[in-house]
Amino acid sequence: MDISEVIEISGTVAFAISGAFSAMQKRLDVFGVLILGFVTAIGGGTIRDVLIGDTPVNWMRDYKTPLIILGTVIATILFKKYIKTFKITLFLFDALGLGLFTIIGIQKGIGAGLNPGICIALGTITGCFGGVLRDVLLNHIPLVFHKEIYATACIIGGVLYFLLIDRLDINVVKIIAITVICGIRIVAVKFKLTLPKFYV
Amino acid sequence: MDISEVIEISGTVAFAISGAFSAMQKRLDVFGVLILGFVTAIGGGTIRDVLIGDTPVNWMRDYKTPLIILGTVIATILFKKYIKTFKITLFLFDALGLGLFTIIGIQKGIGAGLNPGICIALGTITGCFGGVLRDVLLNHIPLVFHKEIYATACIIGGVLYFLLIDRLDINVVKIIAITVICGIRIVAVKFKLTLPKFYV
Amino acid sequence: MDISEVIEISGTVAFAISGAFSAMQKRLDVFGVLILGFVTAIGGGTIRDVLIGDTPVNWMRDYKTPLIILGTVIATILFKKYIKTFKITLFLFDALGLGLFTIIGIQKGIGAGLNPGICIALGTITGCFGGVLRDVLLNHIPLVFHKEIYATACIIGGVLYFLLIDRLDINVVKIIAITVICGIRIVAVKFKLTLPKFYV
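Residue numbers (this note's numbering), protein chains in the order written: chain A, 40 to 239; chain B, 40 to 239; chain C, 40 to 239.
Extracted from the complex, chain A is given alone in its bound form:
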């Protein structure tokens, strides 16, 4: 199990907890909590796979991810009182997962022969659209459209990826991009940085 697998699992766990937790706040039943955990964790990758036609989608061909999500949701329900204690840890996992998922999406796009701009869009979709689906199912306007910088971190990391890819070793490029995405996200939340808004 290499380092990127560890990050991917941590990110999946963090995303699943976020979905399950939001569902409990909205007083859904156990099935609702389970589905929200799943949708948040695998939603972005699922939309990506459907858009590029890589089907059956990723999580259907692999026992591991669904089992990890199932276990995470059960643990979230059992230990809901203690989750707030791990708030910062979870946020860091989430930020790491965001970085890694973005890079996974970009690489899938490259593999499908798409141009760099579209690959960055695919990476951003992979990182952010699980949360978009979560919020739509819970009847909110998606947080990622109006809260602290989130998707912008993916876009900046993605642009950096393509700027560096011909100059450095691929693994170095990945680490830099993930670090930048994760770093922007942490700085954004710490200093409550938001994108400008324009009312009409």
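It should be emphasised that the hints constitute simulated quantities derived from the structure, not laboratory data.
Any given hint might turn out to be false.
Identical copies carry no separate label here, and so any pair may be met within one copy or between two of them.
Heads up, simulated EDC-like pairs for lysine to aspartate or glutamate below, C-alpha to C-alpha not over 20 Å straight-line [to be verified]:
1) 231 with 208
2) 147 with 93
3) 147 with 208
4) 65 with 93
5) 147 with 41
6) 65 with 174
7) 103 with 93
8) 147 with 101
As the structure is a prediction and not an experimental result, all values here were calculated from the model.
Based on the hints, put chains B and C in the right spot on chain A.
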């Protein structure tokens, strides 16, 4: 026309009426009522087909289902006053349809070479996600996440299907699984059984 | 660049402005405005491509459309004060785009060997479902389900297309169908025509 075709048509009709009726309650226009009827009836199967890559999706390759839904929606609008009279009949059709759609989804998953856990998920998606789309389009949190037991019936029926599949004739297994799903659903509504909820 | 390309670009621009504008009204941030512009402009075609399995979906294989939408959203943000001045122009572009997108969807359906009824549904999805996604993301019931005649224009234009296709030159048929869709839409808005509603 065999028995499972009769059940499938009854289920489609019940789902289409449910969608059309919810749309009328929200004061949508005729087109909105039509779309909600369609989405509720074919939404689950459509998401399933898109996820496994079986495209063009099922209802696009078959004249019958769209025509049945169209006829059902028109009849629902014309006879809306009398529909409440058939409330129990409709509920029974809906429960039967839920059972059959779940089994159809499971069999599609087996056909696509997916593992049993994923097949059960596909069956549950087929049975439940038409209603999820209906509720999202009508700006509700999906009923299936917080009302009487619904998806859980699909999951139990699906597990039973895989437990029995090597021991009994396939048709017997299907009948048992459909009966169990349908039975759980009827008992759940009759006794107002809900899944536990965990607030945070 | 032929005439239908000019219409397609105008339609894309009009749809992107509509999405970006709605997002600004809901006080989304810059990323939210961008995504809403994209989803409104390419959502219908994306759902169509996913349903028929024509992947990677259309906008991923073409630099032009994403760049046009990006430029349109930036211009919408910069010149938001002046947009109301062009309200009528924009509405006309939107109506033209609706007509053209419907015909593009129908032709894709014919290319995929689908029957005429399904092709008309595909055309209607192409024309209308970008707006449906926009409204779902902004937490509204889709306008197209309860406001002035919209989808009905697509359906009528689509039926006309199939009635005329064996009798007239294909380009003449396209122009007639687009004109009819666009004309119905203009008349509907001018005279505030809505479809009948049936409450329950």
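To see whether the hints hold, each was checked on the structure:
1. 231 with 208: So residue 231 and residue 208 fail the 20 Å test inside a copy (34 Å) and across (61 Å) alike.
2. 147 with 93: Both, since 9 Å and 18 Å are each at most 20 Å.
3. 147 with 208: Only inside one copy: residue 147 and residue 208 sit 18 Å apart there, 43 Å across copies, limit 20 Å.
4. 65 with 93: neither (33 Å within a copy, 34 Å between copies)
5. 147 with 41: within (19 Å within a copy, 35 Å between copies)
6. 65 with 174: Classified as both; 11 Å inside a copy, 15 Å across copies.
7. 103 with 93: So residue 103 and residue 93 pass the 20 Å test inside one copy only (19 Å; across, 24 Å).
8. 147 with 101: both (17 Å within a copy, 17 Å between copies)
When the structure is compared with the earlier hints, violations turn up for hints 1 and 4 and for no others.
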